[in-house]
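Engineer: Take a look at the letters that make up each chain.
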Amino acid sequence: MAFRVLIADDSPAMRLVIRRVIQLSGFAVDSFVEAADGEQALCVLRRQAVDVVLTDINMPNMNGEQLMIALQTDGKLKTLPVVVVSTDATRHRIDRMLDLGARGYITKPFQPEALREELERVLGVTHA
Amino acid sequence: MPEPPACETLADALREVFETMLFTCVYAEIPGGKPPGSIEARLPFGGGRNGEFRLAISPEAARSIAAGFLGEEDENQIGEAQIGDVVCEVTNMVCGSLLSRMGTDLAFDLQPPRLTWQDAEDGPCGCTARTFDLGNGSVTVGIQFEQS
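Chains as they are written, first to last, in our numbering: chain D, 4 to 131; chain U, 39 to 186.
In short, the hints are calculated from the structure, not lab data.
Ideal Cβ placement from N, Cα and C applies to all residues, glycine included.
Not everything, but these chain D residues come out facing chain U in the computed CB check (under 8 Å):
1) Pro15
2) Val20
3) Pro112
Take a look, some chain U residues computed to stay more than 12 Å from chain D by CB distance:
4) Cys45
5) Pro69
6) Arg80
7) Thr166
8) Asp171
9) Glu184
10) Gln185
Bound conformation, chain U alone:
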């Protein structure tokens, strides 16, 4: 089973996606779990490394990010389906960036992200999860590898 990524690796993957395509800064890691009422997406991956990646983002930050990503100036014009679609795409990009940073020797297959609108049960022990401040909310990312 691969080693869980270091906090810096998670942060670097998040920053790459958020700053390049979402025009949003990722600040320091903050204590606590995923934000209340967060929009969460789960993405199973396979190939050389099997596991699941999770990303949970606070509702206000999700709306703001979706508006920026879609080029919509008025956040109120963004519907829940669009927010969900953007959260899934962000999850896809962060997971790809993270796995690519964890070694280039093995290819991986990303499954379509599944959206969880309500607070889901936390993952089993062993899931490496970190929460980062976004200024107008927070984002929690976690990854878990299956035992080989």
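Next up, chain D with everything else stripped away, as it sits in the complex:
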């Protein structure tokens, strides 16, 4: 099975790197969609189905925390798996995002295999 992945990050460079890392890791991707902030991500998610969201926290307009709150209050989107990809490695922040419903958390910088493993864990994929 191949997955549809939404990447929300205000840095075009980081979005490109995440795409490239996922592709090179061998993780099965059907398609990528990108958003520059939480507002764009929410807009995309309301008109297009995806299997998993990778989101940064510090973004303009609507940050990752606000995106999580918006997803949790949307009946159709509240079960969508979200993995946070952030520079913030503090316990406080990780707990906060998990409390808001994130299923996974990975800190930047990350090893390529760490991102793949987190995606597989969150999506329940068994690597052959």
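Take the given structure of chain D and dock chain U to it, following the hints.
Structural biologist: Here is chain U on its own, set in the frame of chain D:
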């Protein structure tokens, strides 16, 4: 006001980012300030600790790092906007790594990095800045905390 980070802490944060995601070695600390013509990004942060983080990188190293980060084999294909975007993202990651290493009791909020293409005035006294050799250039990092 928190204690400024030790040189080893700055170096460790730099190495973590440069070696994990940029495939670039950070060598020893070298004397001198930020490299001439450097591309500098400034990142204000708040939350439990308020202040500003700065990263300045020599132009040749910035181009090389941007190419590696973006997976572009030909450095000449990298535009200035892409270099700036990568420098900002690197600044973001190093700052996050550094603040996370300085204690896990307080969360922090990172503002978007601002790029300074021309040499900016040096920061006021009290800014802890260190310069490290990258082999094909150098990088200077500094952090300053606001008085509480």
